[in-house]
Amino acid sequence: MARLIIMGGGVSGHTAASFARKWLGNEHEVVVVTPNSLWNWIPSNIWVGVGEMSKEEVVFPLAPVYEKAGIDFRQAKAVSINPEGKADSDNAFITIEYTGQGKEGQSEELTYDYLINATGPKLNFGATPGLSDGKGGLGEHTVSVCTADHAIHAALELDACVEKMKKGERQKFLIGTGHGMCTCQGAAFEYIFNIEHVLKDKGVRDMADITFITNESFLGDFGMGGIHFSMGGYATSSKVFAESLYAERGMDWIIGAHVNNVEAGKVTYESLDGTMDEQEFDFAMLIPPFAGAGLKAFAKDGSDITDTIFAPNGFMKVDAKYDAGAYENWKATDWPRTLQNPTYGNMFAVGIAFAPPHTISKPMSSPNGTPINPTPPRTGMPSAMMGKAVAQSIVDMMVNGATEPTHTASMSEMGAACVASAGKGLFTGTAAAMTVYPIVPDFETYPGVGRDMNGTTGELGLAAHWVKHILHHLFLWKAKLKPGWTLIPE
Amino acid sequence: MASEHVKHIEPYSPQFGTMMPLGFQKKMRTCVLWQIVRFIAINIRMTILILKSHH
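Residue numbers (our numbering), protein chains in the order written: chain B, 1 to 490; chain Z, 491 to 545.
None of these hints come from the bench; they were simulated from the model. Please note that the accuracy of each hint is not assured.
[Claimed, not checked] Some, not all, of what chain B presents toward chain Z, calculated at C-beta under 10 Å:
id	residue
1	Met207
2	Asp209
3	Ser244
4	Tyr246
5	Glu248
6	Met251
7	Lys388
8	Glu404
9	His407
10	Val419
11	Ala433
12	Thr435
13	Val436
14	Met453
15	Thr457
16	Leu487
[Stated by the list, open to error] With a cut-off of at most 30 Å between alpha-carbon atoms, the simulated BS3-like pairs for lysine-lysine come out as follows:
id	chain 1	residue 1	chain 2	residue 2
17	B	Lys22	Z	Lys542
18	Z	Lys497	B	Lys317
19	B	Lys317	B	Lys362
20	Z	Lys516	Z	Lys497
[As the list claims (entries may be wrong)] Sample of chain Z residues facing chain B (criterion: CB under 7 Å; computed from the structure):
id	residue
21	Arg519
22	Phe529
23	Ile532
24	Ile534
25	Leu539
26	Ser543
Backbone N, C-alpha and C fix where the C-beta goes; we use that ideal spot for every residue, glycine too.
Sequences and hints are given; from them, build the entire structure.
If you want it as structure tokens, here you go:
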């Protein structure tokens, strides 16, 4: 009997656990360690954040799903990894600290044969003064849609603004990224369009000034260095596509901004040209930067080997080329394929938890030396694909005698479908449906714009909203492991 | 006239430098019949993308 432990139960971890459980015989154990009792379909938090969905529609309890599937569920956070075991044992193990199941605060050591790190991001609100509550959580000046509870709070704050506007009080909305090194611009992009749509529905749009603030050097960078869509017979830049959407809706934008301080009703930010400026707001949703989960690692003798296993930002090192050097030298092949840790072959990292070799967007900094550029997105479809590919490799290594990973999931060899909501409504809603292939541009295979123009498209319309809505139900169905879940693609 | 569908944009503002949809384009975005066609097209496109992405 062998044991596979998956640290993290988000999109990538849950996908890996579900498939590993399906493919492994009952003689093997699959254990999921996650501090949350609820699974959250995060893309739909956008709709919770504008009051169009309830929390109950985007979450479900994990315990009964895992019990039925035969997955050992530990509601706990992983604290450290001992990949070589300890003085009196060669068995690799992780140390966990329970956050639920009646064992809150208790620690336990869990041995493993294979380990998947799918811990996702730590929402690093503390990186920007005033964005956090001083304890690392969301601060009092802004809202967030990163969790379902954050989104509920955002919807309440939005309602309060709507009431003020109905009474004739003009309101300023500021949506975007709360630090120069953020990723997930797509979430902010969706949220600002949903806010605009809701304000229009409520008849108060003319009382709102809506501004997008982003660390992208141009609108539509999306952390992927921009995209060229096949559109109307042209390879059209996502800059034109995105700017058009904002301009059409009368929304302003601030680009290349590193928000360096947040206080009541005001942010200050540094721009790529080095200037400092301020932006006032009555309502602000600013995405925090992401960091690794903060796991420690120890060798057999107890010495700290965290630096061997993790990059300085806390993400786990995998088979990426971390010494690629300057932007001009970057290649698609820098990106990891098997997601296997180079030091310990029974350890993998998927989704946000793996350390990218570098950004996808061109690194930039202000004359003051402040880095201002998006970090690589690795959520949603790619993270689920990574989870599945790694589960396949591990199953082959555990039961089929493979000595090396048998499946790959490189972001430079996979595409992503992104459906960004721009307003909810069966006949009035719209969304931007974008497909990009590959995620990381490959200028050797696709000279010109770095991507396959047959697979890179974008369009706005009601159909994309239908797709978005159907995906909400399909992915929740799949995550609940209901009949036919394996037929639903990642 | 097509220009009736474009709100005033301040010349030389960032918004002035991008494309703006005109009436026909806007109408097609929520035209149910056309969007049913687009729905099928988007699904085919995404299915091909998924098939290409698994290794």
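So, going through the hints one by one against the coordinates:
Taken as an interface hint, methionine 207 of chain B does not check out: its beta carbon lies about 17 Å from the nearest beta carbon of chain Z, beyond 10 Å. The restraint placing aspartate 209 of chain B at the interface with chain Z is violated, with a minimum CB-CB distance near 14 Å, outside the 10 Å limit. Given hint, serine 244 of chain B at the interface with chain Z, holds; its Cβ is 5 Å from that chain's nearest Cβ, closer than 10 Å. For the restraint placing tyrosine 246 of chain B at the interface with chain Z, the shortest Cβ-Cβ distance is roughly 7 Å, inside the 10 Å limit, so the hint holds.
Contact between glutamate 248 of chain B and chain Z, as hinted, is supported at the beta carbon level, the nearest pair being about 6 Å apart and thus within 10 Å. For methionine 251 of chain B, the suggested interface contact is upheld, since its CB lies about 9 Å from the closest CB of chain Z, less than 10 Å. Annotation: lysine 388 of chain B was flagged as interfacial toward chain Z, and the flag holds, the nearest CB pair being 8 Å apart, inside 10 Å. Nearest Cβ of chain Z to the Cβ of glutamate 404 of chain B: about 14 Å, over the 10 Å cut. The hint is violated.
Because the closest C-beta pair between histidine 407 of chain B and chain Z is about 6 Å apart, less than 10 Å, the hint holds. Here the hint on valine 419 of chain B is kept, as its CB sits about 8 Å from the closest CB of chain Z, short of 10 Å. The interface hint given for alanine 433 of chain B holds, since its Cβ lies 5 Å from the closest Cβ of chain Z, which is under the 10 Å cut-off. With a least beta-carbon distance of about 5 Å to chain Z, the hint placing threonine 435 of chain B at the interface is held under the 10 Å criterion.
Nearest Cβ of chain Z to the Cβ of valine 436 of chain B: about 8 Å, under the 10 Å cut. The hint holds. Contact between methionine 453 of chain B and chain Z, as hinted, is not supported at the beta carbon level, the nearest pair being about 12 Å apart and thus beyond 10 Å. A cut of 10 Å between beta carbons decides the hint on threonine 457 of chain B: the least distance to chain Z is about 6 Å, and the hint holds. Below 10 Å, beta-carbon pairs count as interface contacts, and leucine 487 of chain B has none with chain Z, the closest being about 12 Å; its hint is therefore violated.
Note on lysine 22 of chain B and lysine 542 of chain Z: the hinted pairing holds, with a Cα-Cα distance of about 23 Å set against a maximum of 30 Å. For the hint linking lysine 497 of chain Z to lysine 317 of chain B, the alpha-carbon distance of about 51 Å lies beyond 30 Å, and the restraint is violated. With a CA separation close to 21 Å, the supplied pair lysine 317 of chain B and lysine 362 of chain B stays within the 30 Å bound. Our distance criterion of 30 Å between C-alpha atoms is met by lysine 516 of chain Z and lysine 497 of chain Z, whose separation comes to about 13 Å.
At its closest, the beta carbon of arginine 519 of chain Z sits 4 Å from a beta carbon of chain B; the interface hint therefore holds under the 7 Å criterion. The interface hint given for phenylalanine 529 of chain Z is met, as the beta carbon of that residue sits about 4 Å from the closest beta carbon of chain B, less than 7 Å. Nearest Cβ of chain B to the Cβ of isoleucine 532 of chain Z: about 5 Å, under the 7 Å cut. The hint holds. Against a cut-off of 7 Å between C-beta atoms, the interface hint on isoleucine 534 of chain Z is violated, since the closest Cβ of chain B lies about 11 Å away.
Using the Cβ-Cβ criterion of 7 Å, the hint placing leucine 539 of chain Z at the interface with chain B is satisfied: the shortest such distance is roughly 4 Å. A distance limit of 7 Å between C-beta atoms decides the matter here; for serine 543 of chain Z the minimum to chain B is near 4 Å, and the interface restraint holds.
Checked against the numbered hints listed earlier, the structure breaks hints 1, 2, 8, 14, 16, 18, 24; every other hint is satisfied.
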